[in-house]
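> All chains, full assembly: derive it from the sequences and hints.
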Amino acid sequence: MDAKLKRNYILTGVAVLILALFLFWAGKNLDGYKIQILNLIAVNIILALSLNLIYGFTGLFSLGHAGFMAIGAYTCSLLILPAAQKHAMYILQAPMWPFSVMHAPFFLAILIAGLVAALFGIIIGFPVLRLGGDYLGIATLGFAEIIRVVANNIPRVTNGALGLKGIPPYSNLWWNYGWCLLTLYVIIRLVKSNFGNTLKAIRDDEVAARAMGIDTFRCRMTSFVIGAFFAGVGGALLASLITTIDPKMFNFILTFNVLMIVVAGGLGSITGTVLAGVVITVLLEWLRFVENPVTIGSLTLQGVPGMRMVVFSVALLFIILFRHQGIMGKREFNWDWFLGLFRRRGEAR
Amino acid sequence: MSLAMFVQHLFNALTLGSLYALIAIGYTMVYGILRLINFAHGEIFMMGAYFVFWGVTLFHLPWPIAVIGAILVTSMAGIMVDRVAYKPLRNAPRISALISSIGVSFFLQNFAIVVFSAIPRAVQRPDWLVKVIVIDKIRILPLTLVFPVLSFILMMGLLYVVYRTKPGLGMRAISKDIETSRLMGVPVNRIIAITFGMGSALAAASGIMWALRYPQLQPVMGVIPGFKAFIAAVFGGIGSIQGAVIGGLVLGFIEIMIVAFLPTLAGYRDAFAFVLLIIILLIMPTGLMGEKLEDKV
Numbered sequence: 001m002d003a004k005l006k007r008n009y010i011l012t013g014v015a016v017l018i019l020a021l022f023l024f025w026a027g028k029n030l031d032g033y034k035i036q037i038l039n040l041i042a043v044n045i046i047l048a049l050s051l052n053l054i055y056g057f058t059g060l061f062s063l064g065h066a067g068f069m070a071i072g073a074y075t076c077s078l079l080i081l082p083a084a085q086k087h088a089m090y091i092l093q094a095p096m097w098p099f100s101v102m103h104a105p106f107f108l109a110i111l112i113a114g115l116v117a118a119l120f121g122i123i124i125g126f127p128v129l130r131l132g133g134d135y136l137g138i139a140t141l142g143f144a145e146i147i148r149v150v151a152n153n154i155p156r157v158t159n160g161a162l163g164l165k166g167i168p169p170y171s172n173l174w175w176n177y178g179w180c181l182l183t184l185y186v187i188i189r190l191v192k193s194n195f196g197n198t199l200k201a202i203r204d205d206e207v208a209a210r211a212m213g214i215d216t217f218r219c220r221m222t223s224f225v226i227g228a229f230f231a232g233v234g235g236a237l238l239a240s241l242i243t244t245i246d247p248k249m250f251n252f253i254l255t256f257n258v259l260m261i262v263v264a265g266g267l268g269s270i271t272g273t274v275l276a277g278v279v280i281t282v283l284l285e286w287l288r289f290v291e292n293p294v295t296i297g298s299l300t301l302q303g304v305p306g307m308r309m310v311v312f313s314v315a316l317l318f319i320i321l322f323r324h325q326g327i328m329g330k331r332e333f334n335w336d337w338f339l340g341l342f343r344r345r346g347e348a349r
Numbered sequence: 001m002s003l004a005m006f007v008q009h010l011f012n013a014l015t016l017g018s019l020y021a022l023i024a025i026g027y028t029m030v031y032g033i034l035r036l037i038n039f040a041h042g043e044i045f046m047m048g049a050y051f052v053f054w055g056v057t058l059f060h061l062p063w064p065i066a067v068i069g070a071i072l073v074t075s076m077a078g079i080m081v082d083r084v085a086y087k088p089l090r091n092a093p094r095i096s097a098l099i100s101s102i103g104v105s106f107f108l109q110n111f112a113i114v115v116f117s118a119i120p121r122a123v124q125r126p127d128w129l130v131k132v133i134v135i136d137k138i139r140i141l142p143l144t145l146v147f148p149v150l151s152f153i154l155m156m157g158l159l160y161v162v163y164r165t166k167p168g169l170g171m172r173a174i175s176k177d178i179e180t181s182r183l184m185g186v187p188v189n190r191i192i193a194i195t196f197g198m199g200s201a202l203a204a205a206s207g208i209m210w211a212l213r214y215p216q217l218q219p220v221m222g223v224i225p226g227f228k229a230f231i232a233a234v235f236g237g238i239g240s241i242q243g244a245v246i247g248g249l250v251l252g253f254i255e256i257m258i259v260a261f262l263p264t265l266a267g268y269r270d271a272f273a274f275v276l277l278i279i280i281l282l283i284m285p286t287g288l289m290g291e292k293l294e295d296k297v
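Chains Y and S supply the protein sequences, listed in that same order.
Count the first sequence with my numbering and you get residues 1 to 349, in order.
Count the second sequence with my numbering and you get residues 1 to 297, in order.
Please keep in mind that the hints were generated in silico from the structure rather than gathered at the bench.
Since the structure is predicted, the reported quantities are computational estimates derived from the model, not experimental observations.
A portion of the hints provided could be inaccurate.
[What the hints assert, rightly or not] Lysine to aspartate or glutamate pairs mimicking DMTMM-like chemistry, simulated, CA-CA at most 20 Å apart:
#1 Y/K192 - Y/D215
#2 S/K176 - Y/D134
#3 Y/K248 - S/D270
#4 Y/K34 - Y/E285
#5 S/K87 - S/E179
#6 S/K87 - Y/D134
Next up, the structure:
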């Protein structure tokens, strides 16, 4: 048993090393667009993992992800923007005092962004986590909308509808994949711990869990707040990645994209979330071709704006209608299975 | 604020409230029967508005025919949505149908962008609806008189169907217990289709009036009214038609009156409904007239 554990650690280390080598290679050889897609994959995986913790493992149907992302994105951006740039940018009203001068290095800014999002998670969690099922979904959706409307209306903090521009593009492959691996590690450890079992018990039967003496509210709150933290981190990385944010960006579609990844990967499967994060991010970019003019021989088809999201939503419908457990269901990747793959093939030969 | 101003706001609030109420009825009926938040309802509302203005501008139909035609087509669309996206999931976990409805909602929105284009369209309004009436300093648009009355007639019609006809009896039976109703010989799928059809027809009527009140069409026009109407339904007690009507009217009044009395809050207008929602869920989770749902063990 011990030897197996050791083997798994080594294999995981090797996998991380391979990823690092790949990133090193990618950073040197791929063009900006492809690197941007790789970055987006990492951010989307962080976001989807946090939602999977909340929804897939704890059974809290939360639609408030865009709100936490907005909080994280704004907090981080305000912390890493230089004071002079803020003064130049706020043309509606001058920035308010603490926000006008505060500054932090990137890593600290992301951490604070996550913590602020987590704090909002606690504040919103007290009223809404007592609700069940769809009511929780609609209440968290309401929360996200309120955040968006408020961000639009406090120009002294957020620069209102104009949004923030020229956010320093610190976020790169190393930051994004570093945070992605950290998120992955924390969530795997959490889910595999006894606390993770408690969460699954609440998800599967809340009444029974309560009868077993589980403080369901506290467990739900912990899971919700950890999810909110990582959603804030994801938002912060995203802000620095695309360098421009405004309140309109954090609408329901953003939550929907993350939800799509979680559902497609399989609720309650970390492996599924990672796989779906890669597939869907690439697919969403690749689908841009349907909106561009296509030339086949002498025939030129005009691109259709909006077609990308049509295809995307049809894909979601197909998944829900014909395979509602997602790619992986609740199954997970493990090294035994991976090695078995080779062994079996070897034996067959 | 002068009395004349107040009366004008009152009529605006009544109009907005009755439009919310019409949408909210669709949410509450579907929720009452299937325990499903039909996220696609806002898009049905949007389709109703687009169909009428297609009928009028593209096919040069007279207004009454265009309106009736659009309502019929939209209610067919509502039934289609149920058939395609919800019916196969009747026995799946409830959350699957919810996600499916979000998918349908996005599909319809983006399909509308493809078909109608994302550019907002102006709406040509018939003169008699927008010629300002002046009664002793009070200036009101005729449509703020006509729309509440029309909505009221539609609601009465709906209540008649629900409480005085056989399909209505079926709806009420299904909302109590779907399995028992099936055993008692209620044609469950047909009744559900009728429910979707009627809810969609009311949403279409509301969408048409909305487009005449705020004369602009765009593919995402249904999202915010849809959410707000859902909140109205929760406020009134989800599952209760009378509750949805009261909820819609209250929400309309709150929105118009807060902006009228506290103009500095105008920017937060879209947030009122959501704040109201969270407050309601905290102090009265079953709404004004809702039945208490308990977790079955």
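> If a hint holds in the structure, say so; if it doesn't, say that too.
Taking the hints in turn, this is what the structure says about them:
1. Y/K192 - Y/D215: Distance of about 19 Å is within 20 Å: holds.
2. S/K176 - Y/D134: 19 Å, holds
3. Y/K248 - S/D270: Measuring from Cα to Cα gives roughly 13 Å; hence the hint holds.
4. Y/K34 - Y/E285: 10 Å, holds
5. S/K87 - S/E179: 15 Å, holds
6. S/K87 - Y/D134: Since the Cα atoms of S/K87 and Y/D134 sit roughly 19 Å apart, the hinted pair holds (cutoff 20 Å).
Comparing the model with each numbered hint stated earlier shows that all of them hold.
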